[in-house]
Structure formats: C-alpha cells, structure tokens
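Taken in order, these protein sequences are the chains called R and H. Read in order, the letters of the first sequence are residues -1 to 111 in the numbering used here. Read in order, the letters of the second sequence are residues 5 to 117 in the numbering used here.
Keep in mind the hints are simulated off the structure, nothing from the lab. Backbone N, C-alpha and C define an ideal beta-carbon position, used for all residues, glycine too. Take the hints with a grain of salt, since some may be wrong.
Stated by the list, open to error - Label pairs and their calculated CB-CB ranges:
1) P37/R with Y36/H: 21 to 31 Å
2) T18/R with R81/H: 35 to 45 Å
3) P11/H with S20/R: 30 to 40 Å
4) A96/H with G60/R: 38 to 48 Å
5) S13/H with T99/R: 23 to 33 Å
6) S29/H with T5/R: 38 to 48 Å
7) I78/H with T12/R: 44 to 54 Å
8) P37/R with K7/H: 15 to 25 Å
Unchecked claim - Dumping the calculated DSBU-like pairs for lysine-lysine here, alpha-carbon to alpha-carbon at most 35 Å:
9) K(-1)/R with K11/R
10) K7/H with K116/H
11) K116/H with K55/R
12) K116/H with K73/H
13) K(-1)/R with K55/R
14) K7/H with K73/H
15) K116/H with K11/R
16) K55/R with K11/R
17) K73/H with K55/R
Each chain is listed here by its residues.
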Amino acid sequence: KAGVTQTPRYLIKTRGQQVTLSCSPISGHRSVSWYQQTPGQGLQFLFEYFSETQRNKGNFPGRFSGRQFSNSRSEMNVSTLELGDSALYLCASSLGGLRETQYFGPGTRLLVL
Amino acid sequence: DAKTTQPNSMESNEEEPVHLPCNHSTISGTDYIHWYRQLPSQGPEYVIHGLTSNVNNRMASLAIAEDRKSSTLILHRATLRDAAVYYCILRAMNNNAGNMLTFGGGTRLMVKP
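With the rest of the complex left out, here is chain H (with noise of 0.2 Å):
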C-alpha cells in the first residue's frame, strides 16, 4: 500500500481556517485519497474522499495537487468540536483488500478558543 505522511500535530484557533497536509508521493493512478479524524473517545468518523479533483461536502474541503502526490484537508472555520486525530488513507481502487483502511500515525489538531 502507499503511505501517507502527515505531521503529528497542528494548532488552530477557534473560527479560523485550518490546512492540513498530507503528503503521499508514491500515489498510485487507482488510488483515491480518504480522510477520517477521531474524536476524543469515539471511533474514527467518514470526513470526505476524493481522487483528482477538489471536493467539497458539509464538513470540509480537500484540495488534491495536480500531481497528486499531496492533498490538503481544509476545514474552514474551525470549533473546538474540530479538535481531533485526522488521518489521510489511500485507498486503492483495484485489489483485494475488500474494505480495509490502513491508517497511519495522523495529525493531531488542538483548537484553541
């Protein structure tokens, strides 16, 4: 599987946008790029997913570089509810893996208010 690289942790301030990185050059064409985060004593939570163009849903936006060997999750106002471990996973669209995520270390993010 490709790997991800993300820092281990960032800081934001409440109401203001966070960007966070994550660098992924081994990238294959079939892989698509998930994000999930994991709140504080919950299970990891779905956040958005995308292979090539940028996406957009109700939680967050993700901006894919155009070599796609990067990808940025941005939340754009951040709350202290944001305050989470975000993990960036490629998941590959051709093998056998059936539904497996392999997470990585994650960025921790701490909101401050």
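Excised from the complex, chain R in its bound form (with noise of 0.2 Å):
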C-alpha cells in the first residue's frame, strides 16, 4: 500500500504571499490531520479533517485553513505568510476511529523569505 504522500515536498514564498499544501492519505483512510514542525516550537498539531469535516483544531491564527475532499485528500492553505511560517508541514493520515495509529508523510518544507 502506498504511504501518506505530500506535494509539494519543498517550496520558497515571500512575505505577504499565500500557499496551498496538498495530503493524499493511505488508501482506505478518512482521517487527515495537518502538523507544523519548527526548530523552536517542535511539532504542533494544526488541525484535523475527518470525512470532509474539521474535528479539531490546534492553536493557529485564522490565516491557517484546510479543507478535506470526498477521496479523503486534504489541502492546508496559509494566507498573508510571514517569516514565522517557516517550516515543515506533516500530514498524517488514520483510518479515523479515535486514537488510532497516525501515519505520516514526509512533510512538505516551506521557506518564507
């Protein structure tokens, strides 16, 4: 079976610009849930989709939104980035019972200049 995959996998943007990250999930799971990884504030959890809906969501300002499809992919966009946004951004998918095993991707590298 295919794992969580990211698109894309690195990405430079400037200040001001917004940007859209892509998650496709492991075949058979309707679970996504979105991390941001820095070197100052570890991994945090942003959000998560389950069946096309938000089930939680972690401590981010508006400007961070996410949405889930009816395949189960999901896309995180960030508007108005700033330099702060610098980071990795983990997805990781489940089968979607409560506390099951989270699978993740490899992450997608975002670079704010």
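Dock chain one against chain two, each of which comes alone in its own frame, and use the hints as you go.
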C-alpha cells in the first residue's frame, strides 16, 4: 500500500503570499491531520479532518485553514505568509476512529523569505 | 493533557540495548502511552503503545511502571538506523481531541558504530 504523500516537497514563498499544500492519505484512511514542525516550537497540531469535516483544531491563527475532499485528500492553506511560517508541514492519516495510529508523510518544507 | 518528561538526548553503542525513559507523573487512568519516532528528514512513525501491561512488538518493547507514572521504551539491539528523536505521548481514552497527538521535545538518540 502506498504511504501518505505530500506535495510539493519543497516550497519557497515571499512574505504576504499565500500557499496551498496537498496531502493524499493512505488508501482507505478517512482522517487527515496536519502538523507544523519548527526548531523552536517542535511539532504542533494544526487541525484534523474526518469525512470532509474539521474534527479538531489547534491553536493557530485563522490564516491557517484546511479542507478535505470526498476522496479524503486534504489541502491546507496559509494566507498572508509571515517569516515565522517557515517550517516543515506534516500530514498524517489514519482510518478514522479515535486514538488510532497516525501514519505521517514526509512533509513539505516551506521557506518564507 | 497530561505532560511527559524525557531526557533531551541519549547515546548508545550499536548492537547494545537502549532504554529510553519517560516520566508522566500526572497520567490519568484512561491515558494510553504511545511512542513515536522521527528519523532524520522523515515524518514521525509509530513505534508502540500500551496501557498497563508491558508490550512487545517487532520494533521495540514498552515497560510500564506499576504506578504508571513512568515508562521505558526498550530497543533490544540498537542499529545506526535507530538514530532518531523518540517521542513519548499520552493519549486519553475519553476526550474530544480526535486523533490529535501532543508532542513534547522528545529524546534524540545517537547511535555510535
């Protein structure tokens, strides 16, 4: 079975721009979660989607948003980019039940200049 | 969420056992203990989890103290490929957090040849 895939793998943007990252979960998985990883703050939860609905949300500003499609693929969007948004963005998928094992993708590394 | 405390880093020799400790003195009776690890340039991956009894799988063993205030992840024979950051995470059985994982700082394991 193919693992979680994320595109693009690397991205460079400038301040004020917006960016959309994509995540394709493992086939059959219905839950997709997003995390931000920075050297200073570590791994932080952004949000989780299940059956096209946001199930949980972390403590991030409204510039960070996401959505999930009927095929469980998910996108996250960051508007009005700031330098501090430079990070590795990780996506994780699971079957959909609670407290299930999360399978992570390789991440998208975003650099904001 | 109950908090976990891990050493920042540990060193091991190749082919020797490694014991990675985790303290969780405020653990509740319904919290599961999960371990994930993050290899360099990859997303985190699930290692093992348990509730009260010790657990074994092909990757590692998890030893849980009788009072559940601490646990130890055991790698029986460390290889160079086990060099990673290891995260000890508590997941509540009954909450509304969906599949959110709360990562702490983790332990960076270095394996010497």
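Inset, instruction - Starting from K73/H, check that the Cα of K55/R is at most 35 Å away, please. - result: Given pair K73/H, K55/R holds - Cα atoms ~28 Å apart, limit 35 Å.
Inset, instruction - With a cut-off of 35 Å on the C-alpha distance, tell me whether K55/R and K11/R pass. - result: holds, 25 Å
Legend entry - Supplied distance hint 21 to 31 Å, evaluated on CB atoms of P37/R and Y36/H: Since P37/R and Y36/H have Cβ atoms about 29 Å apart, the given range 21 to 31 Å holds.
Legend entry - Restraint status (C-alpha distance of K(-1)/R to K55/R at most 35 Å): holds, 29 Å
Inset, instruction - Hint says 23 to 33 Å; check whether the CB-CB distance for S13/H and T99/R agrees. - result: This hint holds: roughly 26 Å between Cβ atoms.
Inset, instruction - With 35 to 45 Å as the target window, see if T18/R and R81/H comply at their CB atoms. - result: holds, 44 Å
Legend entry - CB-CB spacing for T5/R and S29/H relative to the 38 to 48 Å hint: holds, 42 Å
Legend entry - Proposed proximity, K73/H with K116/H (alpha carbon, max 35 Å): holds, 30 Å
Legend entry - Agreement of K7/H and K116/H with the hint, judged by alpha carbon distance not exceeding 35 Å: Given that 35 Å is the threshold and the Cα spacing comes to 30 Å, the pair holds.
Inset, instruction - Compare the distance between the alpha carbons of K116/H and K11/R with 35 Å, and conclude whether the hinted pair is satisfied. - result: violated, 38 Å
Legend entry - Restraint status (C-alpha distance of K(-1)/R to K11/R at most 35 Å): holds, 33 Å
Legend entry - C-beta pair P11/H, S20/R: status relative to the range 30 to 40 Å that was hinted: Roughly 37 Å apart at Cβ, these two residues keep to the hinted range, so it holds.
The structure fails to meet hints 4, 11, 15 from the earlier list, while all remaining hints are met.
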